[in-house]
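A.B. asks: The residues making up each chain are set out below.
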Amino acid sequence: MQLDLVTSLYVFLLAAFIGFEVIRRVSPLLHTPLMSLTNALDAIAVVGAIILAGEGKSNLAKILGTIAIIAATSNIVGGFMITDRMLKMFKASGPRKP
Amino acid sequence: MFASENILEITYLIATALFVLSLKWLSSPVTARRGVWAGEVGMLLAIAGTLLHKGIVDYRWIAIGLVLGTIIGVPLGRVAMTAVPQRTALSHAFGALCVTLVGTAEFYIRAPHVPQFMMGVLSLEVILGALTFTGSLMAAGKLQEVLPQRPITYKGQNLVNLGFLAIAIGIAVTLVLHPDKTFLFPFMISIPLAFGVMMIIPIGGADMPTVISLLNSYAGLSAAAMGFVLGSKLLIVAGALDGASGFILSVNMSKAMNRSFTNVLFGAFGQEQVVAAGTKETRPVRSASPEEAAGILAAASKVVIVPGYGMAVAQAQHKVRELYDALTKRGVDVKFGIHPVAGRMPGHMNVLLAEADIPYDKLLEMDDINGDFPQTDVALIIGANDVTNPAAREDQSSPIYGMPILDVDKARTVMVIKRSMAAGFAGIDNPLYYLDRTLMLFGDAKNFVGSIVRELSGGHG
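Line by line, the protein sequences give chains A and B.
Under this note's numbering, the letters of the first sequence match residues 9 to 106, in that order.
Under this note's numbering, the letters of the second sequence match residues 334 to 794, in that order.
Keep in mind that the hints were calculated from the coordinates and are not lab data.
Predicted, not measured: the structure shown is a model, and the values here were computed from it.
Do not take every clue at face value.
Straight-line alpha carbon distances no greater than 20 Å define the calculated SDA-like cross-link-like pairs of lysine to any residue that follow [stated by the list, open to error]:
no.: 1; chain 1: A; residue 1: Lys96; chain 2: B; residue 2: Arg654
no.: 2; chain 1: B; residue 1: Lys668; chain 2: A; residue 2: Ser101
no.: 3; chain 1: A; residue 1: Lys99; chain 2: B; residue 2: Ser361
no.: 4; chain 1: B; residue 1: Lys387; chain 2: A; residue 2: Lys96
no.: 5; chain 1: A; residue 1: Lys99; chain 2: B; residue 2: Asp690
no.: 6; chain 1: B; residue 1: Lys743; chain 2: B; residue 2: Asp700
no.: 7; chain 1: A; residue 1: Lys96; chain 2: B; residue 2: Tyr693
no.: 8; chain 1: B; residue 1: Lys357; chain 2: A; residue 2: Arg93
no.: 9; chain 1: B; residue 1: Lys668; chain 2: A; residue 2: Met97
no.: 10; chain 1: B; residue 1: Lys387; chain 2: B; residue 2: Ser361
What follows is a set of in silico ranges between Cβ atoms, one per label pair, in the way DEER data are often shown [claimed, not checked]:
no.: 11; chain 1: B; residue 1: Asn780; chain 2: A; residue 2: Lys96; range: 47 to 53 Å
no.: 12; chain 1: B; residue 1: Ile397; chain 2: A; residue 2: Ser101; range: 26 to 32 Å
no.: 13; chain 1: B; residue 1: Val479; chain 2: A; residue 2: Ser101; range: 55 to 61 Å
no.: 14; chain 1: B; residue 1: Gly503; chain 2: A; residue 2: Gly64; range: 32 to 38 Å
no.: 15; chain 1: B; residue 1: Ser790; chain 2: A; residue 2: Lys96; range: 26 to 32 Å
no.: 16; chain 1: B; residue 1: Gly628; chain 2: A; residue 2: Lys96; range: 26 to 32 Å
no.: 17; chain 1: B; residue 1: Arg770; chain 2: A; residue 2: Lys96; range: 38 to 44 Å
no.: 18; chain 1: B; residue 1: Leu768; chain 2: A; residue 2: Ser101; range: 27 to 33 Å
no.: 19; chain 1: B; residue 1: Arg367; chain 2: A; residue 2: Ser101; range: 35 to 41 Å
no.: 20; chain 1: B; residue 1: His386; chain 2: A; residue 2: Lys96; range: 33 to 39 Å
no.: 21; chain 1: B; residue 1: Ile500; chain 2: A; residue 2: Leu13; range: 24 to 30 Å
Glycine is no exception: its CB is placed at the ideal position from the N, C-alpha and C atoms.
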């Protein structure tokens, strides 16, 4: 499936605007988890790698696709895990467990 | 259209919505974990939908990739909190690697008949991907201290770097016009790979927050370019979100260091670090022992603690928590003032202090805490230097003049825990240390805070 240039640019432009508006509101308190979370989401590139490795149009595509899947999957797994670990630590004051 | 293709598009659409929600929920610590959950569900949906793609004929390699990726990913999700900056840099490298490899394969599948528009975005994808890959590896190496942290500069460095970039862009333009010249493609990857290394060579440790943010932005943009190539709206959106996030953080960081954004964009962060080394200060300073420091802190009613990278290096955050507890128990109001570039990545200090169980509503940003300093009895600085240097406010000749700082010098008493009188990262002397109201507490941050805590708990029943 191909998108034409104009449609792609529309999607990019709108997503970038939404990104600016949403991310501007993220408190600096959470900028480290923000970076690890967007990094994990960015690893959605794995879908391109999956199709590449699965279609098997050439041996090169299979090999590069598989390495790309490994790289992206490690970002997905590690990225979500560490983001959740960090966010778990942020607690408001109040009665704290000893 | 086949039914399966519709299903695929719908899963992608839902994943896109979940990704946006994921970032929206991250705006507050209360809803943030829901954001991670939304991201995970979106990711699983998109991957599951993709596996149903009708073009896939062979699942073996996919399975191997997913399993190996998980095996590598789990330990990367379990690193210590102090290692988060280098882990983040490494994950930027992995993301960029994925994008570069997919772009390379796409080129060789399509060559020599690549439409001009596609060749253009494909070039953007692999150039950004390749330079982000090596650049992030270099950054991770510097943060892990397997590479020297100090900036390495030489004459004409920027010119050489820009030259490399210009050659890569020249090759890209040639390929857009003549996609049949496939022999040029390896150069379009190898030159940005070299550029990535050279871009990070002049970067010092304290510039890392800016650099990591910038690499984050590049990684996002290269993924968005990959979305253009593959015609994937989901990927365009995810890349744009990541790119926007990295861009916002880069702008924040460069503002917090009083650098112009173009300065950052062209990789000239590690600018000239020329310091008048001859004018060594010999003015007297006042120092104090842990007992004296504990006494002053116990008598205070309002204390602001200012942490910096030194606290992370000394792993002092848990001792700082004990200090926080001991003072809070005595009815002292303790808050933390966090400078945006304290540490090695945006938000670094917050994560370390949250790990030590300090409530996040006690962690205040620079703009929120600065008004409090005149009413503060003690400002306790732990391992921070340049971000508290009043020269940035007063001394027009200072290299950091104009950089926003924490106004700790307005507090009634300033205490600075520091190993020695050595200058900070920027090599700039800090006039704060010579003020009458300043007490220098010489020693290792962890040990010194520990001694203060002992004094506080022992001296008073």
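A.B. asks: Could you run down the list of hints and mark each one as holding or not?
C.D. replies: Results of checking the hints against the structure:
Note on Lys96(A) and Arg654(B): the hinted pairing holds, with a Cα-Cα distance of about 17 Å set against a maximum of 20 Å. For the given pair, Lys668(B) sits about 12 Å from Ser101(A) by alpha-carbon distance, which is consistent with the 20 Å threshold. Among the hinted pairs, Lys99(A) with Ser361(B) is consistent with the structure: their alpha-carbon atoms are about 11 Å apart, no more than 20 Å. Between Lys387(B) and Lys96(A), the direct Cα distance comes to roughly 40 Å. Violation of the 20 Å bound is thereby established for this hinted pair.
In summary, the hint linking Lys99(A) to Asp690(B) is supported, as the alpha carbons are separated by about 7 Å, within the 20 Å threshold. Restraint check for Lys743(B) and Asp700(B): satisfied, since their Cα atoms lie roughly 14 Å apart, inside the 20 Å limit. Our distance criterion of 20 Å between C-alpha atoms is met by Lys96(A) and Tyr693(B), whose separation comes to about 12 Å. Between Lys357(B) and Arg93(A) the alpha-carbon distance is near 19 Å, which keeps this suggested pair within the 20 Å criterion.
Pair hint Lys668(B) plus Met97(A) holds up; C-alpha atoms about 18 Å apart against a cutoff of 20 Å. A C-alpha spacing of about 40 Å is found between Lys387(B) and Ser361(B), which places the hinted pair above 20 Å, so the restraint is violated. Distance hint check for Asn780(B) and Lys96(A): the Cβ-Cβ separation is about 29 Å, which falls outside the suggested range of 47 to 53 Å. Take Ile397(B) and Ser101(A): their Cβ atoms lie about 48 Å apart, and the range 26 to 32 Å is violated.
Checked against the hint of 55 to 61 Å, the C-beta distance between Val479(B) and Ser101(A) comes to roughly 39 Å, which is inconsistent with it. Against the hinted window of 32 to 38 Å, the Cβ-Cβ separation of Gly503(B) and Gly64(A) comes to about 34 Å, which satisfies the hint. Separated by about 29 Å at the C-beta atoms, Ser790(B) and Lys96(A) satisfy the suggested range of 26 to 32 Å. Separated by about 37 Å at the C-beta atoms, Gly628(B) and Lys96(A) break the suggested range of 26 to 32 Å.
In this structure, Arg770(B) and Lys96(A) meet the distance hint of 38 to 44 Å, their C-beta atoms being roughly 40 Å apart. Taking 27 to 33 Å as the suggested C-beta distance range, the pair Leu768(B) and Ser101(A) conforms, at roughly 32 Å. For Arg367(B) paired with Ser101(A), a C-beta distance near 21 Å fails the hint of 35 to 41 Å. At about 35 Å, the beta-carbon gap between His386(B) and Lys96(A) stays in the expected band of 33 to 39 Å.
Distance hint for Ile500(B) and Leu13(A): a CB-CB separation of about 26 Å, consistent with the stated range 24 to 30 Å.
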